[in-house]
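Visitor: So the chains spell out like this:
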Amino acid sequence: MQSNYLVKLLTVVLLVFAVNVRAQNEVNEEHEGTPEEVSLKEKIKESIHHHILDSHDFTFFSDSKTGKHYGFPLPVILWDNEDGLQMFSSSKFHHGEEVAENNGNYYTLFHNKIYKTDAEGTINLDEHHHPKNEKPLDFSITKSVLMMLITGLLMFWVFAGMAKSFKKGPIVTGAGRFFEPIILYVRDEIAIPNIGETKYKKYMPYLLTIFFFIWFLNLFGLTPLGVNVTGNIAVTFGLAIITFIITQFSGNANYWKHIFWMPGVPVPMKIILAPIELLGVIIKPFALMIRLYANIMAGHIVLMSLIGLIFVFQNWIGSSLTFVLSFAISMIELLVALLQAYIFTMLSALYFGFAVEDHGPEDDH
Amino acid sequence: MEKLINDFSFGLFFWQMILFVLLLLLLKKFAWGPILNALNTREEGIKNALDAAENAKLEMQNLQADNQKLLQEARAERETMIKEAREIKEKMISDAKGEAQVEADKLIANAQAAIESEKKAAIVEIKNQVANLSIEIAEKVVKNELADKDKQLKLVESMLNDATLN
Chain A
1 MQSNYLVKLL
11 TVVLLVFAVN
21 VRAQNEVNEE
31 HEGTPEEVSL
41 KEKIKESIHH
51 HILDSHDFTF
61 FSDSKTGKHY
71 GFPLPVILWD
81 NEDGLQMFSS
91 SKFHHGEEVA
101 ENNGNYYTLF
111 HNKIYKTDAE
121 GTINLDEHHH
131 PKNEKPLDFS
141 ITKSVLMMLI
151 TGLLMFWVFA
161 GMAKSFKKGP
171 IVTGAGRFFE
181 PIILYVRDEI
191 AIPNIGETKY
201 KKYMPYLLTI
211 FFFIWFLNLF
221 GLTPLGVNVT
231 GNIAVTFGLA
241 IITFIITQFS
251 GNANYWKHIF
261 WMPGVPVPMK
271 IILAPIELLG
281 VIIKPFALMI
291 RLYANIMAGH
301 IVLMSLIGLI
311 FVFQNWIGSS
321 LTFVLSFAIS
331 MIELLVALLQ
341 AYIFTMLSAL
351 YFGFAVEDHG
361 PEDDH
Chain B
366 MEKLINDFSF
376 GLFFWQMILF
386 VLLLLLLKKF
396 AWGPILNALN
406 TREEGIKNAL
416 DAAENAKLEM
426 QNLQADNQKL
436 LQEARAERET
446 MIKEAREIKE
456 KMISDAKGEA
466 QVEADKLIAN
476 AQAAIESEKK
486 AAIVEIKNQV
496 ANLSIEIAEK
506 VVKNELADKD
516 KQLKLVESML
526 NDATLN
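Each protein sequence line maps, in turn, to chains A and B.
Each residue of the first sequence is one higher than the last, beginning at 1 in the numbering used here.
Each residue of the second sequence is one higher than the last, beginning at 366 in the numbering used here.
The reader is advised that the hints may include incorrect statements.
Simulated coverage check for chain A against chain B, where a stretch passes if three residues somewhere in it have a Cβ under 8 Å from a Cβ of chain B [claimed, not checked]:
| # | segment |
| --- | --- |
| 1 | 57-65 |
| 2 | 151-157 |
| 3 | 203-217 |
Beyond 12 Å from chain A on every Cβ pair, some chain B residues (computed) [as the list claims (entries may be wrong)]:
| # | residue |
| --- | --- |
| 4 | L404 |
| 5 | M446 |
| 6 | D527 |
None of these hints come from the bench; they were simulated from the model.
Yeah, the Cβ is synthetic: ideal placement off N, Cα and C, and Gly gets one too.
In isolation and in its complexed conformation, chain A is listed as follows (with noise of 0.2 Å):
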């Protein structure tokens, strides 16, 4: 019966789908043998490689054709060694086409990075092809900073929510009934075995956060808007770090001496040993920032391949089959989406535990 129905579905689909492709045919074939056609799988690329970057604003979606943008400038902020702060609206870039001019200074975009440039917009590059311009630094508005904004807006409404709904009584209503699992769950399953039934909860208020950030991030990331903050690296370095710093701080007397001079062991391997677990320190965090980004990395740039295929084949038996793909693919990436934000949280509890961990003076290890 269950089987049945999910057959029937994607027969429909498939049907309205090679419509479309059919119609998407006959738009390409009358523009056949034209440059734009040619670098079909050019523009995917580089639609890829744009959606991955940040952006300094909010584009929903462009017409190639026309050229046109649809979307919402955001603020540029940026900090000239010379002329100080800097603040004009992103749409002077026009979307990296123009010259923007502020107080008499010009800035140009180059591969989604402002540089200062003159009048012309000239980019000097390199035999590496990386351009040798002065590069201001840069505190823009950009579309990952206001989605974590909303992300944080969000996250503050929700929960501030619940925790009023709790004040009324023992039981939450609305949204905090679906959150309310999650919390317990983070409690009981990461927190307290990972921490330690007496000092968890000094680090519930962090576990929680970083595990809902990520993992609205990462669902934000999945919608059409086309955002890719927790695929940033600068993003999940700002993670690890606290991570790390909370991590160092915490560590009590035990934890530096099994980095530094390891209970336990000959003399010889306690030297050799601690540089070994010092370089552990710096890796563990490091781990965390990669595993972070790469998967969501990864999981947009397939995604995006995948969609991207669809128009590249062209016939509707292939396009159809790599619809599908794609949304196979989504799904697990919203399964990622998850899964990226549970091991974050893990491994960040395992590593406060071991920083609070303590051995008993009978416990050589």
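Assemble the complex: chain A is given as a structure, and chain B must be docked to it using the hints.
Guide: Relative to chain A, chain B alone:
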């Protein structure tokens, strides 16, 4: 690695840290603190309620056991009391019976003794009476006999006649 460093945006990192730390502090104060407290209080409340229910159940059981015990004790006591009463009754009856027997025996013995002595006295009396009567009668008879001199003479004569015959 080079690409990673190239992709690293200090501005994004800067905003991320500010926003995240701010979010952490705000949520800690306004959300996680109250939520975790509420959850803890609720769990403790549930635990206490369960404990209280368990205790009440145990108490009930204890009470019931106590009641049962009391009832049994009361029953046992009643039985012993009844038994004792019966024993006392029987003892009293048997005692009374014994005493009555002794008393009766005594009475009977006394009565018999009295009867015996009375009888002896009566016999003595009768003997005396009989003796007296006999003497009176004998006297009267003798007097009577002796009053008639002819007859006496005749009798003596007859007796003398007989004696001569012999």
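Visitor: Quick one: which hint numbers does this structure break? Sort them smallest to largest.
Guide: 1, 4
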